[in-house]
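Full structure from sequences and hints, please.
Oh and the sequence shown: position 291 is 290 in numbering that gives the first Met the number 0, straight run, nothing missing.
Since the hints were made in silico from the structure, they are not lab data.
For clarity, every value in this text was computed on a predicted model and none was experimentally measured.
There's no promise every hint is true.
What the hints assert, rightly or not - Calculated pairs, DSSO-like style, for lysine-lysine (alpha carbon to alpha carbon, straight line, at most 30 angstroms): (1) Lys137 with Lys108; (2) Lys90 with Lys185; (3) Lys327 with Lys184; (4) Lys158 with Lys185; (5) Lys90 with Lys184; (6) Lys108 with Lys72; (7) Lys72 with Lys158; (8) Lys72 with Lys137; (9) Lys108 with Lys81; (10) Lys137 with Lys184; (11) Lys72 with Lys184; (12) Lys90 with Lys158; (13) Lys158 with Lys137; (14) Lys90 with Lys108; (15) Lys158 with Lys108; (16) Lys158 with Lys327; (17) Lys108 with Lys185.
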Amino acid sequence: MNPDDPSVLDAQLTDVSKTYPGGETAVTGMNLGVRRGEFFSLLGPSGCGKSTTLRMLAGLEHPTTGTVAIAGKDMTGVPPNKRPTNLIFQKLALFPHLTVAENIAFGPKTRHLSRAEIRAAVTDMLDLVELAGYADRKPAQLSGGQQQRVAIARALANKPAVLLLDEPLGALDLRLRVQMQRALKKIQQESGTTFVFVTHDQTEAFTISDRIALMNRGRVEQVGRPDELYDRPATEFVATFLGDTNIIRGSVSDRVLRADGFSCRTPGPGTALSVRPEAIALRHRLTTGFDNRFTARVTDLTFQGPSIRFQVAVADAGPELVVQLPAKEARGIAAGDEVEIGWPTDAAVMLGADS
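Here it is, written out as structure tokens:
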């Protein structure tokens with residue numbers, strides 16, 4: 000079965016654009032499909048259109064052009080309360096005067112379920128978010144992470160086709176945020192619900208996502224698994240947004256890039272070459288043969304705990320590159336040393352123009 004067949008997509012945006020009064024365009028020409036049961040993240044810098052995209056899925060914004068489908072049905076003009084979605088913001092909006100159980104029961108009650116069904120839904124959700132002993136507590140008696148779990152349980156109690164999360168962990172401290180990332184992924188897997196998650200944090204997106212759509216200036220630059228985006232970025236924006244990389248620009252012909260007297264072999268055509276710092280070998284003398292091998296000088300180095308980050312200048316007016324080595328492999332190499340660096344051709348990626 001084709002994973003992008005509309006019959007197995009829980010959310011689909013087709014030719015969607017959003018322009019606000021005054022002419023500001025937030026999203027342009029978006030075509031995106033979220034597969035049933037996956038944890039899907041919208042990732043990108045502030046102002047890239049990711050929250051606007053989420054709000055269009057929720058029905059809080061309407062596209063200027065294009066269609067929005069949820070669970071196989073066109074929802075383009077359908078109001079939020081009629082959509083099979085729930086939305087969780089950074090501000091959780093739990094009812095402070097209600098207990099945890101009463102907060103979770105709110106949705107099932109509005110759907111006029113029987114008392115037995117409501118009790119079962121509350122019990123199931125408390126078990127799912129591992130708060131079975133907290134049913135009678137008020138939100139003020141809970142930690143930030145526990146409040147997050149209650150908000151998720153309350154949303155999932157409505158059995159949405161898609162749960163939408165707009166940077167819900169942004170207000171948590173780092174330690175709690177990491178814990179909640181693991182908890183969110185576990186809850187999503189156990190519930191089987193499709194999650195669409197907005198974040199500007201690439202580490203967070205890598206940790207929890209099955210697939211990611213990386214956005215830039217209202218457009219989707221690339222969609223794929225975290226490892227696909229990191230190892231095989233399609234554009235310079237993707238390569239540089241998702242961690243450190245070395246970008247070498249020049250003219251490419253016959254799989255050789257040439258720039259100001261410097262040349263290196265490439266894996267194919269493109270407008271620029273990207274090679275990650277950890278993909279480059281560095282020694283006083285390399286014993287392994289590489290397609291791309293150069294003499295360089297260490298201009299700076301930074302201790303980063305388990306690794307050392309080197310700044311090197313390639314000889315004969317070559318480019319300045321960043322190399323990252325495990326600390327054990329970097330012993331004895333100092334600033335000012337002449338070294339050899341190298342990388343296999345297939346360790347680099349040729350990039351296209353940004354969207």
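Violated hints - listed by number, lowest first: 3, 8 and 16
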